[in-house]
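> Read off the chains here:
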Amino acid sequence: MRHILSLLLENESGALSRVSGLFSARGYNIESLTVAPTEDPTMSRMTIVTTGSDDVVEQITKQLNKLVDVVKVVDLNEGKHLERELMLVKVRAAGKDREEVKRTADIFRARIIDVTEKSYTVELTGTSDKLDAFLDAIGRTMVLETARTGACGLGRGEWIMKV
Amino acid sequence: MKLSDAPHTQNTAAEISGAEIVIRSLHEEGVEFVFGYPGGAVLNIYDEIFKQDKFKHVLVRHEQGALHAADGYARATGRAGVALVTSGPGVTNAVTGIATAYMDSIPMVVITGQVPTHAIGQDAFQECDTVGITRPCVKHNFLVKDVADLATTIRKAFIVAQTGRPGPVVVDIPKDVTQAKHVFAYPKDVEMRSYRPAVKGHAGQIKKALGMLVEAKRPMVYVGGGAVLGNASAQVTELVRMLGFPCTNTLMGLGAYPSSDKQFVGMLGMHGTYEANMAMQNCDVLLAIGARFDDRVIGNPEHFYQSGRRIVHIDVDPSSISKRVKVDVPIVGDVKEVLTELLALLGEEKARPDPAGLKVWWKQIDEWRAKDCLKYNRKSELIKPQYVIETLHKITGGDAFVTSDVGQHQMWAAQFYGFDKPRRWINSGGLGTMGFGLPAAMGVQLAHPDATVACITGEASIQMCIQELSTCKQYHMPIKVVNLNNRYMGMVRQWQEFFYGNRYAESYMDALPDFVKLAEAYGHVGMRIEKPADVEGALREAVKLKERLVFLDFITDQTENVFPMVPGGKGISEMILSEEL
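Order-wise, the sequence lines are chains A and B. Quick note on numbering: the first sequence equals residues 1 to 163 in our numbering. Quick note on numbering: the second sequence equals residues 1001 to 1581 in our numbering.
Please keep in mind that the hints were generated in silico from the structure rather than gathered at the bench. Watch out, some of these pointers could steer you wrong.
[To be verified] Okay, the calculated bits of chain A under chain B, using three or more residues with CB under 8 angstroms as the criterion:
#1 8-18
#2 55-65
#3 68-74
[Stated by the list, open to error] Restricting the straight-line Cα-Cα distance to at most 25 angstroms, the calculated cross-link-like pairs of lysine to any residue (SDA-like) are:
#4 Lys-62(A) with Ala-1099(B)
#5 Lys-1188(B) with Glu-10(A)
#6 Lys-1323(B) with Asn-29(A)
#7 Lys-1326(B) with Ala-25(A)
#8 Lys-66(A) with Gly-1430(B)
#9 Lys-90(A) with Ser-128(A)
#10 Lys-1145(B) with Met-43(A)
#11 Lys-1570(B) with Asp-55(A)
#12 Lys-1326(B) with Asp-75(A)
#13 Lys-72(A) with His-1202(B)
#14 Lys-62(A) with His-1202(B)
#15 Lys-66(A) with Lys-1326(B)
#16 Lys-1145(B) with Ser-13(A)
#17 Lys-66(A) with Val-1327(B)
#18 Lys-62(A) with Glu-1337(B)
#19 Lys-1262(B) with Leu-1581(B)
#20 Lys-66(A) with Asp-1129(B)
#21 Lys-62(A) with Val-1327(B)
#22 Lys-1394(B) with Pro-1449(B)
#23 Lys-66(A) with Tyr-1102(B)
#24 Lys-66(A) with Glu-1191(B)
[Unchecked claim] So the derived label-pair ranges between C-beta atoms look like this:
#25 Ala-1203(B) with Asp-55(A): 23 to 29 angstroms
#26 Met-1509(B) with Asp-40(A): 57 to 63 angstroms
#27 Pro-41(A) with Arg-1241(B): 41 to 47 angstroms
#28 Gly-27(A) with Trp-1495(B): 22 to 28 angstroms
Just so you know, these numbers come straight off a predicted model, no measurement behind them. In this text, a Cβ means the ideal position worked out from N, Cα and C, and glycines have one as well.
Start from the sequences, fold in the hints, and give me the full structure.
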């Protein structure tokens, strides 16, 4: 099953490799990993999307908690949560395709942020599923290049993750 | 987090060098011994060592030896061992020792030299990415880039190494940081928001565990290295005796519960006793204390599940719980704290296990015991390795500190020495590092200068760190090296005999040195023993030579195997037994 883990960790050099090293050393999957400093610059927030049975994800959570640089770990799947990913995608947009791409982008509430005679660069935010659906709708053969951030997430409602 | 016995803060106005800060910090920590080897990146630190006499520096002959010696010291005393090595090859040589300590959760602080900060990443002479190379085999590591952080980082290293589930911590110090100057202030407490190891167990869980234990019909107590590391031997013993339950120790837990006690059923696992493994498989309630259900202990987990049992698991590390085997009542906390609470609760409660039920279970265990699974041929013309260890036990009164290397001799030592006290049995259980025994014995001997320290080894293992015989001479370490010489890598040969159709691929040791002459060349006493009748006399003479290292080369039966044996992938109760039975 797909799990989305949210971590607070010390914003120190090497903290990222401690986390990624743990995943490779113990044979856990990483679907995506995204990290940036928080409003408190001494701390970073990382979101990891992983897959595994409940037992495996429980072990991942415990092993992450054991890392000295990791301050807190929450499995966002344990409660309601929000999840967003940003994608920049360059698509073929020449001739009759041009209008169709524009229409599809509008339907997905994407924005066209760069234009050439033959291509559009589209910015789209949403759940990972939505980004996949957009690529399918455009048609994979139309896609020239993509850059995705990986998912980041927060718990729904008033609950906050704090130290 | 805080350490109650932390040293006092000291402020001195004058600025001192980073190298001196390292030395002063080690003084503040009360370090007795530093095991190390000098080199370019640590020369400033060595210059400060030259000027002090509060701790003794022990010069090894290879960095691996420094790490194992610090490790042996830590295992024998419970205090962090300290090693000091230079950058590059100093570090890479140390990695085996760091990984050995990590797998067995041994508290160590390893100070490594690094090229100057401006040279990092430039492929400088003797540069390696120490933090990167050691990351997967340390509890934590630090690269100190600013002399202002040096004292605090060393304090953090000692705290992290010695609290919670202990482990090795590396502090990598670039040469320019040891040169830079700063005021010295050693912090007593260091705030680490991301490091708060559990201490007290959950009261509700402890109550639940007790309820489960007193209802047990076929109980079993399984005690691992965590009970030794957590200094909980007295509590384990009291609890087991109060409940009247059978008790087994893992390879790492030997000595946590006295092996001469009638409730002790022997070590369990791949080379555990028949009765321990059968009781483990057939119990209805299992109390696991500071143990981790690893592959060498419970064998195939699927097979282990087949006979259902309820499990209470006490461990300081939550990630050890339900890792390989799902448990019913997890208790996260310091083993000693949790057992103390459990004992207090047991004192208050009237409920006790049903004696009639226990009697039936003990009758069954005694039947398993009657198999006498460790039996070997005592009438052989050849020296049996088991006999050497039994004799060593006899003449040392079971009171020696015993280190070992890895292989058959290690298993025989574990089966036949009979440890009654914790921290007496010192071996590389997790990583299984050949070459561990001799340097580890050096650390033990320094910690206990008047004790008999024996290194039980084999002719293959001993050659992996044999250069340390030179260190032993320099520091007058009267270790007794018990070499069980069967001219084979015995455990490899045993597996090849059982599972590879007697094809002894590369497990035969040709061109062995004359160990007697070798010992003498290093300035020690060497003895070769070839007949069973000479075993006791030789050991007695060796122990009597209190001031000398004695290398005893026992020429043993080449074909002897370790029994019982659980083949890899099999269930714990699916043992191969000796043909003697």
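> So if I understand the rule, the pair passes when the alpha-carbon distance is 25 angstroms or less; does Lys-1323(B) with Asn-29(A) pass?
Distance of about 17 angstroms is within 25 angstroms: holds.
> Does Lys-1326(B) pair with Ala-25(A) here, judged by a C-alpha cut-off of 25 angstroms?
Given that 25 angstroms is the threshold and the Cα spacing comes to 22 angstroms, the pair holds.
> Keeping to a limit of 25 angstroms between CA atoms, is the pair of Lys-66(A) and Lys-1326(B) held or broken?
Given that 25 angstroms is the threshold and the Cα spacing comes to 19 angstroms, the pair holds.
> Are Lys-62(A) and Ala-1099(B) close enough, with their CA atoms no more than 25 angstroms apart?
holds, 21 angstroms
> State, for the Cβ atoms of Met-1509(B) and Asp-40(A), whether the hinted interval 57 to 63 angstroms holds or is violated.
Given about 60 angstroms between the Cβ atoms, the range holds.
> Decide if the proposed pair is consistent with the structure: Lys-66(A) and Gly-1430(B), CA atoms, cutoff 25 angstroms inclusive.
holds, 19 angstroms
> Under the criterion that the straight-line Cα-Cα distance not exceed 25 angstroms, is the pair Lys-66(A), Tyr-1102(B) satisfied?
The given pair, whose Cα atoms are some 14 angstroms apart, holds under the 25 angstroms limit.
> Does the alpha-carbon distance linking Lys-62(A) and His-1202(B) stay inside the 25 angstroms limit?
Measuring from Cα to Cα gives roughly 17 angstroms; hence the hint holds.
> Okay, Ala-1203(B) versus Asp-55(A) on CB: inside 23 to 29 angstroms?
With Cβ atoms ~27 angstroms apart, the hint holds.
> Do the Cβ positions of Gly-27(A) and Trp-1495(B) conform to the proposed distance bound of 22 to 28 angstroms?
holds, 25 angstroms
> Need the status of pair Lys-62(A), Val-1327(B): alpha-carbon distance at most 25 angstroms?
Distance ~15 angstroms between Lys-62(A) and Val-1327(B) Cα, so the pair holds.
> Given the hint that Lys-90(A) pairs with Ser-128(A), test it: the Cα-Cα distance must not exceed 25 angstroms.
holds, 17 angstroms
Hint 27 alone, counting from the list given before, is not met by this structure.
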